[in-house]
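**Q** Produce the entire structure from the sequences given, and follow the hints as far as they go.
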Amino acid sequence: MALAYSISRILEILGDDCEVLGTFEGTIQGIASLSEATTGDLSFLGNPKYRSAVADSQASVVLVPKDYELFPSEGQLYLKLENPSFALALICRDIERTLLPAPAPGIHPTAVVESGAVIAPEASVGAFCYIGAEARVGAAVLASHVCLGRSAIVGDGAEIASRVSIGDYCVIGERNRLLPGCVIGSDGYGYEYLDGAHQRVPQIGNVVTAADVDVGANTTIDRARFGSTQIGQGTKIDNQVQIAHNVRIGRHCLIVAQVGISGSTTLGDGVVVGGQAGLAGHLNIGSGVMIAGGTAVVSDIEPQLKVRGYPAMPMMLFNRMTVLQRKLPDLFKRFDQLEKTVKSLPSESQ
Amino acid sequence: MALAYSISRILEILGDDCEVLGTFEGTIQGIASLSEATTGDLSFLGNPKYRSAVADSQASVVLVPKDYELFPSEGQLYLKLENPSFALALICRDIERTLLPAPAPGIHPTAVVESGAVIAPEASVGAFCYIGAEARVGAAVLASHVCLGRSAIVGDGAEIASRVSIGDYCVIGERNRLLPGCVIGSDGYGYEYLDGAHQRVPQIGNVVTAADVDVGANTTIDRARFGSTQIGQGTKIDNQVQIAHNVRIGRHCLIVAQVGISGSTTLGDGVVVGGQAGLAGHLNIGSGVMIAGGTAVVSDIEPQLKVRGYPAMPMMLFNRMTVLQRKLPDLFKRFDQLEKTVKSLPSESQ
Amino acid sequence: MALAYSISRILEILGDDCEVLGTFEGTIQGIASLSEATTGDLSFLGNPKYRSAVADSQASVVLVPKDYELFPSEGQLYLKLENPSFALALICRDIERTLLPAPAPGIHPTAVVESGAVIAPEASVGAFCYIGAEARVGAAVLASHVCLGRSAIVGDGAEIASRVSIGDYCVIGERNRLLPGCVIGSDGYGYEYLDGAHQRVPQIGNVVTAADVDVGANTTIDRARFGSTQIGQGTKIDNQVQIAHNVRIGRHCLIVAQVGISGSTTLGDGVVVGGQAGLAGHLNIGSGVMIAGGTAVVSDIEPQLKVRGYPAMPMMLFNRMTVLQRKLPDLFKRFDQLEKTVKSLPSESQ
Numbered sequence: 001m002a003l004a005y006s007i008s009r010i011l012e013i014l015g016d017d018c019e020v021l022g023t024f025e026g027t028i029q030g031i032a033s034l035s036e037a038t039t040g041d042l043s044f045l046g047n048p049k050y051r052s053a054v055a056d057s058q059a060s061v062v063l064v065p066k067d068y069e070l071f072p073s074e075g076q077l078y079l080k081l082e083n084p085s086f087a088l089a090l091i092c093r094d095i096e097r098t099l100l101p102a103p104a105p106g107i108h109p110t111a112v113v114e115s116g117a118v119i120a121p122e123a124s125v126g127a128f129c130y131i132g133a134e135a136r137v138g139a140a141v142l143a144s145h146v147c148l149g150r151s152a153i154v155g156d157g158a159e160i161a162s163r164v165s166i167g168d169y170c171v172i173g174e175r176n177r178l179l180p181g182c183v184i185g186s187d188g189y190g191y192e193y194l195d196g197a198h199q200r201v202p203q204i205g206n207v208v209t210a211a212d213v214d215v216g217a218n219t220t221i222d223r224a225r226f227g228s229t230q231i232g233q234g235t236k237i238d239n240q241v242q243i244a245h246n247v248r249i250g251r252h253c254l255i256v257a258q259v260g261i262s263g264s265t266t267l268g269d270g271v272v273v274g275g276q277a278g279l280a281g282h283l284n285i286g287s288g289v290m291i292a293g294g295t296a297v298v299s300d301i302e303p304q305l306k307v308r309g310y311p312a313m314p315m316m317l318f319n320r321m322t323v324l325q326r327k328l329p330d331l332f333k334r335f336d337q338l339e340k341t342v343k344s345l346p347s348e349s350q
Numbered sequence: 001m002a003l004a005y006s007i008s009r010i011l012e013i014l015g016d017d018c019e020v021l022g023t024f025e026g027t028i029q030g031i032a033s034l035s036e037a038t039t040g041d042l043s044f045l046g047n048p049k050y051r052s053a054v055a056d057s058q059a060s061v062v063l064v065p066k067d068y069e070l071f072p073s074e075g076q077l078y079l080k081l082e083n084p085s086f087a088l089a090l091i092c093r094d095i096e097r098t099l100l101p102a103p104a105p106g107i108h109p110t111a112v113v114e115s116g117a118v119i120a121p122e123a124s125v126g127a128f129c130y131i132g133a134e135a136r137v138g139a140a141v142l143a144s145h146v147c148l149g150r151s152a153i154v155g156d157g158a159e160i161a162s163r164v165s166i167g168d169y170c171v172i173g174e175r176n177r178l179l180p181g182c183v184i185g186s187d188g189y190g191y192e193y194l195d196g197a198h199q200r201v202p203q204i205g206n207v208v209t210a211a212d213v214d215v216g217a218n219t220t221i222d223r224a225r226f227g228s229t230q231i232g233q234g235t236k237i238d239n240q241v242q243i244a245h246n247v248r249i250g251r252h253c254l255i256v257a258q259v260g261i262s263g264s265t266t267l268g269d270g271v272v273v274g275g276q277a278g279l280a281g282h283l284n285i286g287s288g289v290m291i292a293g294g295t296a297v298v299s300d301i302e303p304q305l306k307v308r309g310y311p312a313m314p315m316m317l318f319n320r321m322t323v324l325q326r327k328l329p330d331l332f333k334r335f336d337q338l339e340k341t342v343k344s345l346p347s348e349s350q
Numbered sequence: 001m002a003l004a005y006s007i008s009r010i011l012e013i014l015g016d017d018c019e020v021l022g023t024f025e026g027t028i029q030g031i032a033s034l035s036e037a038t039t040g041d042l043s044f045l046g047n048p049k050y051r052s053a054v055a056d057s058q059a060s061v062v063l064v065p066k067d068y069e070l071f072p073s074e075g076q077l078y079l080k081l082e083n084p085s086f087a088l089a090l091i092c093r094d095i096e097r098t099l100l101p102a103p104a105p106g107i108h109p110t111a112v113v114e115s116g117a118v119i120a121p122e123a124s125v126g127a128f129c130y131i132g133a134e135a136r137v138g139a140a141v142l143a144s145h146v147c148l149g150r151s152a153i154v155g156d157g158a159e160i161a162s163r164v165s166i167g168d169y170c171v172i173g174e175r176n177r178l179l180p181g182c183v184i185g186s187d188g189y190g191y192e193y194l195d196g197a198h199q200r201v202p203q204i205g206n207v208v209t210a211a212d213v214d215v216g217a218n219t220t221i222d223r224a225r226f227g228s229t230q231i232g233q234g235t236k237i238d239n240q241v242q243i244a245h246n247v248r249i250g251r252h253c254l255i256v257a258q259v260g261i262s263g264s265t266t267l268g269d270g271v272v273v274g275g276q277a278g279l280a281g282h283l284n285i286g287s288g289v290m291i292a293g294g295t296a297v298v299s300d301i302e303p304q305l306k307v308r309g310y311p312a313m314p315m316m317l318f319n320r321m322t323v324l325q326r327k328l329p330d331l332f333k334r335f336d337q338l339e340k341t342v343k344s345l346p347s348e349s350q
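Chains as they are written, first to last, in my numbering: chain A, 1 to 350; chain B, 1 to 350; chain C, 1 to 350.
No lab work stands behind these hints, which were simulated from the structure alone. Treat each hint with caution, since some may be false.
[Unchecked claim] Derived DSSO-like pairs: lysine-lysine, alpha-carbon spacing no greater than 27 Å straight-line:
id : chain 1 : residue 1 : chain 2 : residue 2
1  : C       : Lys-306   : A       : Lys-327
2  : C       : Lys-340   : B       : Lys-327
3  : A       : Lys-343   : A       : Lys-327
[As the list claims (entries may be wrong)] Covered stretches of chain B, as calculated for chain C (at least 3 residues, CB under 8 Å):
id : region
4  : 179-188
5  : 213-222
6  : 258-269
7  : 276-286
8  : 307-315
9  : 328-339
[What the hints assert, rightly or not] Restraint-style ranges between C-beta atoms, simulated for each label pair:
id : chain 1 : residue 1 : chain 2 : residue 2 : range
10 : B       : Lys-306   : A       : Asp-56    : 56 to 62 Å
11 : A       : Phe-332   : B       : Gly-196   : 39 to 45 Å
12 : A       : Pro-346   : C       : Arg-326   : 34 to 40 Å
The beta carbon of each residue, even a glycine, is placed where N, CA and C say it ideally should be.
**A** Set out below in structure tokens:
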């Protein structure tokens with residue numbers, strides 16, 4: 001994964017805002033953190049707490065904030081910028097385009113396209129893709145082994161990675177990014193117990209994702225019993241998340257890896273759910289709620305609250321309880337002592 | 001996903017049991033809950049607690065129980081039935097058959113079938129399926145990208161969704177439904193530490209599922225070290241469940257999403273395991289046990305018990321403890337106060 | 001899955017170390033535990049606690065340790081060995097080779113190989129594999145439906161199961177075993193909140209696994225933001241594990257099913273992480289640490305420590321706390337009683 005970026009190319013990417021200090025004659029061959037960078041690497045000061053690490057860094061080029069006061073070593077270059085993190089992202093985006101060029105439009109000859117499916121001429125459909133009957137694919141990129149169900153829709157600008165399954169009638173919004181192995185529109189888990197066995201409840205709804213949604217690798221989102229399981233605009237879902245039937249997630253939420261959300265639960269906008277948290281079914285989670293990793297949510301949460309615990313409680317209470325639980329052994333000892341003391345009081349005083 | 005169901009077709013599905021009140025002239029174009037339904041929708045009163053929502057519902061057709069006492073609005077139709085939920089399931093099943101017609105029998109020309117494999121003439125084998133040597137496929141449906149291992153067996157009536165892997169020598173029972181991305185018969189996680197490294201213990205067993213088993217999307221079930229990992233008849237497994245080698249699950253169990261069951265643990269019949277629960281290895285879980293979501297089970301459980309917690313304890317004790325934990329801050333304060341009081345007692349009384 | 005092993009073949013596998021007691025005339029048709037074995041089965045005494053089960057076992061052949069003192073029944077054979085578990089592994093390895101013969105070298109005619117890719121002549125590339133441009137495949141086995149990204153590398157002796165995705169530029173070490181559905185090198189979950197939306201941070205790094213790494217079914221390992229997500233030599237990862245971008249895992253670690261490790265966290269050598277444990281980001285976990293199943297790790301851990309809990313604490317403290325928590329109902333009662341007692345003390349003594 002060797003890079004070879006000239007300083008002039010980097011200055012071109014960063015634009016006019018950039019103040020140059022020192023010199024470096026070579027090419028940039030890698031990006032690394034301040035402490036791990038060596039000659040030929042570019043690094044950056046994104047988090048103020050690493051400020052002291054800049055002077056010791058072996059990086060050949062360092063992106064620093066405008067107010068950084070020290071000077072580069074011999075053969076080292078500092079680039080002073082308003083927002084070094086954002087500047088780094090610009091460089092990385094350019095590198096990404098070089099490393100991973102977009103595939104040419106067209107349908108790979110091994111792909112199978114069923115009757116009635118409509119694929120935009122700008123679309124790229126990879127090897128071994130299966131496009132179901134009546135499906136519609138916009139100006140999107142489908143990598144290899146993608147399964148698109150009957151009458152499913154993929155919006156313009158979407159990137160569907162290898163081995164993604166999109167179920168029948170599901171709708172994938174514009175600029176969605178679906179990572180490898182994720183499953184959109186699998187059957188909801190619904191049964192009724194009848195005559196000594198669990199009878200399947202038909203699941204005739206679909207999944208609808210709005211624009212700019214990301215779905216992580218091997219994540220699963222079930223189709224609705226009827227109606228739609230919905231993911232709001234700009235919501236980003238990490239790997240191995242499970243979203244059950246009829247869940248509705250608002251706009252700009254972050255759902256971290258291995259979270260599970262049970263059927264018919266609704267999340268407002270801007271909700272953050274930490275890794276491995278679990279939400280019971282039929283709950284209302286208000287906008288702006290933050291749920292810490294590993295939390296088990298079993299009741300509704302008012303907007304803007306921060307919760308944690310098993311089961312969930314206000315973050316402050318959880319933190320207090322965690323401290324006190326560790327003092328339990330001591331409390332029990334003190335209690336035994338106190339009980340003894342009281343018992344030993346002279347009888348007339350008891 | 002627009003439907004177009006005439007009232008006469010719906011009455012035909014529901015049969016003689018149905019009492020008609022009011023009139024609706026149009027066609028049914030969707031199904032929705034009482035509160036979300038609009039004109040053209042069919043809704044239903046399944047749960048008595050929503051009884052008061054019927055009168056306000058904008059649904060054009062509502063399935064209500066026989067004893068429902070109010071009358072439909074102008075242009076609205078009530079259908080009175082013994083069991084509205086069951087009636088809805090009948091309608092949904094019919095809709096499902098219309099939306100998702102069964103594929104025609106036959107082997108897709110892109111499928112690869114190795115030597116000695118036997119596929120029933122009624123079977124449908126989809127695009128890009130790989131059928132291993134000596135495998136046998138009954139009158140089942142395999143969607144696209146299914147991998148069937150050497151000498152594996154798929155029973156009659158099974159539905160294997162896209163991108164399912166069924167390992168060598170595994171046996172899938174009749175009418176099983178395997179959802180996208182699930183993996184049956186992956187190698188068990190078994191190592192012995194020898195000469196400073198973890199040496200793999202060969203896993204030469206298989207997975208055997210009985211009839212009417214469902215396996216969720218991206219769920220994994222490992223093959224046995226020797227013998228079989230077993231799933232009992234009618235057991236329904238949700239998405240992203242992990243079942244380790246040599247586990248045995250009884251009949252009619254429900255295993256909710258993201259549960260993990262460690263090696264050689266045995267579950268009786270009718271066990272319910274809530275989402276994200278984890279079970280240690282080599283345990284015996286009795287029939288009828290209910291394990292709440294997120295519970296960590298580290299020892300055997302007697303039949304019919306309900307448990308919850310980390311680690312698991314009787315549900316009643318967990319609930320009591322949860323209440324008391326929240327009172328810990330208060331208890332510590334009261335205790336400090338009491339200790340002070342006792343200490344301040346006049347010396348002769350101590 | 002019927003076997004047919006002659007006793008002479010088994011003696012050949014076990015070699016000279018084996019002492020023979022009794023006789024069995026038939027062929028070995030299965031392997032089972034002492035209590036479940038029947039005629040025709042081979043069993044073994046691996047764990048001393050089952051010593052008493054040997055005499056009652058119906059197995060036709062039993063592997064026992066050298067110092068086992070009893071004698072076989074009529075028609076039963078005991079094979080006395082230094083290490084019966086190891087002997088069993090030798091037999092199972094032989095059975096495995098018989099049941100699952102290695103595929104012949106060559107590239108399946110349905111596979112797609114992009115320009116510039118180099119595949120060793122000893123490699124076996126299965127049906128529907130997609131090999132990206134410039135990728136390199138050593139003397140490895142790729143089952144069906146494997147996706148290998150641009151410029152990715154697979155080392156000699158690696159076994160890549162069906163439906164594995166290996167991302168662009170990722171490097172898979174020698175003798176790695178990747179199980180079905182796992183995803184190596186999916187995009188890291190990195191966003192910056194800007195202008196009211198989560199902007200994706202480009203992820204231009206890769207994943208590098210050292211030699212002898214196993215990765216379980218449907219596990220996901222994200223590519224680094226820059227640099228590499230690293231898995232050390234001999235580390236064994238179970239099913240459905242999530243490893244985020246820039247994580248570094250040392251040598252000979254065991255990561256059990258459904259564990260989640262957040263971004264940039266580092267594990268030393270020989271770390272054991274129990275099932276469903278979760279690790280926050282940017283942590284340092286020392287070598288030899290043991291993290292119990294279900295534990296939530298939110299801060300660094302010193303080498304060799306054993307931790308458990310939500311959040312993690314020393315194992316001893318967790319165990320003590322668990323016992324005491326169950327006594328909380330009793331403590332609250334005793335406390336109320338004591339408070340009452342103290343209050344009832346005559347006023348002059350208070």
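**Q** Is the hinted pair Lys-343/A and Lys-327/A satisfied, with a Cα-Cα distance of at most 27 Å?
**A** Holds, because 24 Å separates the two Cα atoms, which is no more than 27 Å.
**Q** Has the region 328-339 of chain B got at least three residues whose CB is nearer than 8 Å to a CB belonging to chain C?
**A** holds (count 4)
**Q** Between Pro-346/A and Arg-326/C, does the beta-carbon spacing fit 34 to 40 Å?
**A** holds, 35 Å
**Q** Regarding Lys-306/B and Asp-56/A, is the given constraint of 56 to 62 Å on their beta-carbon distance met?
**A** Given range 56 to 62 Å: holds, Cβ gap about 58 Å.
**Q** Is the listed coverage of the region 258-269 of chain B by chain C valid when you require three or more residues with a beta carbon under 8 Å from a beta carbon of that chain?
**A** That given contact holds, which follows from 3 residues of the region 258-269 of chain B lying within Cβ reach (below 8 Å) of chain C.
**Q** Taking a Cβ-to-Cβ distance below 8 Å as contact, does the region 307-315 of chain B have at least three residues touching chain C?
**A** holds (count 3)
**Q** For the range 39 to 45 Å, tell me whether the beta carbons of Phe-332/A and Gly-196/B fit it or not.
**A** holds, 44 Å
**Q** What's the verdict on Lys-306/C and Lys-327/A, does the C-alpha distance respect the 27 Å limit or exceed it?
**A** holds, 20 Å
**Q** Has the region 179-188 of chain B got at least three residues whose CB is nearer than 8 Å to a CB belonging to chain C?
**A** holds (count 4)
**Q** Checking C-beta pairs, does the region 213-222 of chain B have three or more residues closer than 8 Å to chain C?
**A** This one holds; 3 residues, not fewer than the three required, reach chain C with a Cβ under 8 Å.
**Q** Would you check the hint for Lys-340/C and Lys-327/B, treating anything up to 27 Å between C-alpha atoms as holding?
**A** holds, 18 Å
**Q** Between the region 276-286 of chain B and chain C, see if three or more residues pass the 8 Å beta-carbon test, and mark the coverage as holds or violated.
**A** holds (count 3)
In the structure shown, no violation is registered for any of the earlier numbered hints.
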